[in-house]
Amino acid sequence: QVRLVESGGGLVQPGVSLNLSCAASGRFYSINSMGWYRQVPARQRELVATLTTDGIYNYADSVKGRFTVSRDNVRYTVHLQMNDLKPEDTAVYFCNAQYNAFAATAWGQGTQVTVSS
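Just so you know, the sequence shown maps onto residues 911 to 1027 in this note's numbering.
No incorrect hints appear here.
Here are the simulated distance ranges between beta carbons:
no. : residue 1 : residue 2 : range
1   : Gln923    : Ser972    : 18 to 26 angstroms
2   : Thr963    : Leu921    : 29 to 37 angstroms
3   : Ala1013   : Leu921    : 33 to 41 angstroms
4   : Ala933    : Ala1011   : 18 to 26 angstroms
5   : Gln1022   : Asn993    : 14 to 22 angstroms
6   : Lys996    : Tyr967    : 14 to 22 angstroms
7   : Ala1013   : Ser935    : 15 to 23 angstroms
8   : Ser917    : Asn1010   : 21 to 29 angstroms
9   : Phe938    : Lys974    : 26 to 34 angstroms
10  : Gln911    : Asn993    : 32 to 40 angstroms
11  : Arg913    : Leu957    : 18 to 26 angstroms
These are computed hints drawn from the structure, not numbers from a lab.
Where a beta carbon is used, it is the ideal one built from N, C-alpha and C, also for glycine.
My request is simple: use the sequences and hints to build the entire structure.
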(Lines of atoms letter the chains of each structure in order from A and count residues from 1; the text may use other names and numbers.)
(Lines give C-alpha, C1' and ligand atoms only; values in the text may rest on other atoms or scores of the structure.)
Protein backbone atom coordinates (compact mmCIF):
# COMPACT_ATOMS: atom_id res chain seq x y z
CA GLN A 1 0.00 0.00 0.00
CA VAL A 2 0.99 3.62 -0.52
CA ARG A 3 1.16 6.08 2.35
CA LEU A 4 0.96 9.78 1.56
CA VAL A 5 2.23 12.49 3.90
CA GLU A 6 1.40 16.12 3.15
CA SER A 7 3.06 19.32 4.28
CA GLY A 8 2.34 22.99 3.76
CA GLY A 9 -0.99 24.75 4.05
CA GLY A 10 -2.03 27.37 6.55
CA LEU A 11 -3.72 30.75 6.78
CA VAL A 12 -2.79 33.34 4.14
CA GLN A 13 -4.14 36.58 2.76
CA PRO A 14 -5.68 36.87 -0.69
CA GLY A 15 -3.18 37.31 -3.49
CA VAL A 16 -0.27 35.54 -1.86
CA SER A 17 1.33 32.23 -2.79
CA LEU A 18 1.56 28.92 -0.98
CA ASN A 19 3.18 25.57 -1.74
CA LEU A 20 1.92 22.13 -0.76
CA SER A 21 4.09 19.02 -0.80
CA CYS A 22 3.32 15.34 -0.55
CA ALA A 23 5.62 12.34 -0.27
CA ALA A 24 4.67 8.75 -1.03
CA SER A 25 6.11 5.69 0.66
CA GLY A 26 5.23 2.04 1.08
CA ARG A 27 5.02 -1.02 -1.13
CA PHE A 28 4.09 -0.58 -4.78
CA TYR A 29 5.55 -1.35 -8.19
CA SER A 30 4.44 1.85 -9.91
CA ILE A 31 2.86 5.19 -9.18
CA ASN A 32 0.95 6.27 -12.25
CA SER A 33 -0.55 9.59 -11.21
CA MET A 34 -0.16 11.99 -8.32
CA GLY A 35 -2.00 15.18 -7.57
CA TRP A 36 -4.33 17.17 -5.40
CA TYR A 37 -8.03 17.37 -4.61
CA ARG A 38 -9.84 19.70 -2.24
CA GLN A 39 -13.00 19.65 -0.20
CA VAL A 40 -15.12 22.15 1.69
CA PRO A 41 -17.82 21.17 4.21
CA ALA A 42 -21.04 19.78 2.74
CA ARG A 43 -19.54 19.49 -0.74
CA GLN A 44 -17.93 16.70 -2.71
CA ARG A 45 -14.19 16.42 -3.00
CA GLU A 46 -13.10 17.99 -6.27
CA LEU A 47 -10.09 17.76 -8.54
CA VAL A 48 -7.51 20.51 -8.29
CA ALA A 49 -4.62 19.20 -10.38
CA THR A 50 -3.03 15.88 -11.28
CA LEU A 51 0.00 14.79 -13.27
CA THR A 52 0.61 11.34 -14.67
CA THR A 53 3.99 9.70 -14.97
CA ASP A 54 3.63 10.10 -18.74
CA GLY A 55 3.40 13.87 -18.31
CA ILE A 56 -0.33 14.41 -18.74
CA TYR A 57 -1.65 17.35 -16.75
CA ASN A 58 -5.22 17.84 -15.60
CA TYR A 59 -6.29 21.09 -13.93
CA ALA A 60 -9.61 22.36 -12.63
CA ASP A 61 -10.75 25.36 -14.65
CA SER A 62 -10.87 27.45 -11.50
CA VAL A 63 -7.12 27.10 -10.89
CA LYS A 64 -5.72 27.20 -14.43
CA GLY A 65 -3.07 29.87 -14.74
CA ARG A 66 -2.68 30.19 -10.96
CA PHE A 67 -1.73 26.71 -9.72
CA THR A 68 1.07 24.46 -10.95
CA VAL A 69 1.49 20.78 -10.13
CA SER A 70 4.88 19.13 -10.37
CA ARG A 71 6.34 15.74 -9.53
CA ASP A 72 9.64 14.13 -8.71
CA ASN A 73 9.26 10.60 -10.05
CA VAL A 74 12.46 9.43 -8.36
CA ARG A 75 11.55 10.66 -4.87
CA TYR A 76 7.82 9.97 -5.36
CA THR A 77 6.81 13.48 -4.36
CA VAL A 78 4.24 15.88 -5.73
CA HIS A 79 4.01 19.62 -5.20
CA LEU A 80 1.31 22.19 -5.74
CA GLN A 81 2.43 25.77 -6.24
CA MET A 82 -0.56 28.02 -5.61
CA ASN A 83 -0.31 31.64 -6.71
CA ASP A 84 -2.78 34.51 -6.44
CA LEU A 85 -4.83 32.68 -3.85
CA LYS A 86 -8.48 33.63 -3.50
CA PRO A 87 -10.94 33.15 -0.62
CA GLU A 88 -12.75 30.54 -2.72
CA ASP A 89 -9.58 28.43 -2.65
CA THR A 90 -10.19 27.84 1.05
CA ALA A 91 -10.53 24.09 1.59
CA VAL A 92 -8.89 20.98 2.93
CA TYR A 93 -6.41 19.83 0.30
CA PHE A 94 -5.81 16.10 -0.13
CA CYS A 95 -2.88 14.47 -1.84
CA ASN A 96 -3.86 11.63 -4.18
CA ALA A 97 -1.93 8.83 -5.82
CA GLN A 98 -3.05 6.20 -8.26
CA TYR A 99 -0.69 3.25 -8.40
CA ASN A 100 -0.05 -0.26 -9.67
CA ALA A 101 -1.41 0.42 -13.15
CA PHE A 102 -4.22 2.60 -11.79
CA ALA A 103 -5.60 -0.37 -9.86
CA ALA A 104 -5.39 1.33 -6.48
CA THR A 105 -5.82 4.78 -4.99
CA ALA A 106 -4.31 6.35 -1.91
CA TRP A 107 -5.20 9.56 -0.08
CA GLY A 108 -3.31 11.76 2.33
CA GLN A 109 -4.78 12.94 5.60
CA GLY A 110 -5.51 16.42 4.26
CA THR A 111 -4.08 19.85 4.99
CA GLN A 112 -6.11 23.00 5.59
CA VAL A 113 -5.64 26.03 3.37
CA THR A 114 -7.47 29.16 4.46
CA VAL A 115 -7.41 32.35 2.38
CA SER A 116 -8.77 35.30 4.30
CA SER A 117 -8.00 38.92 4.93
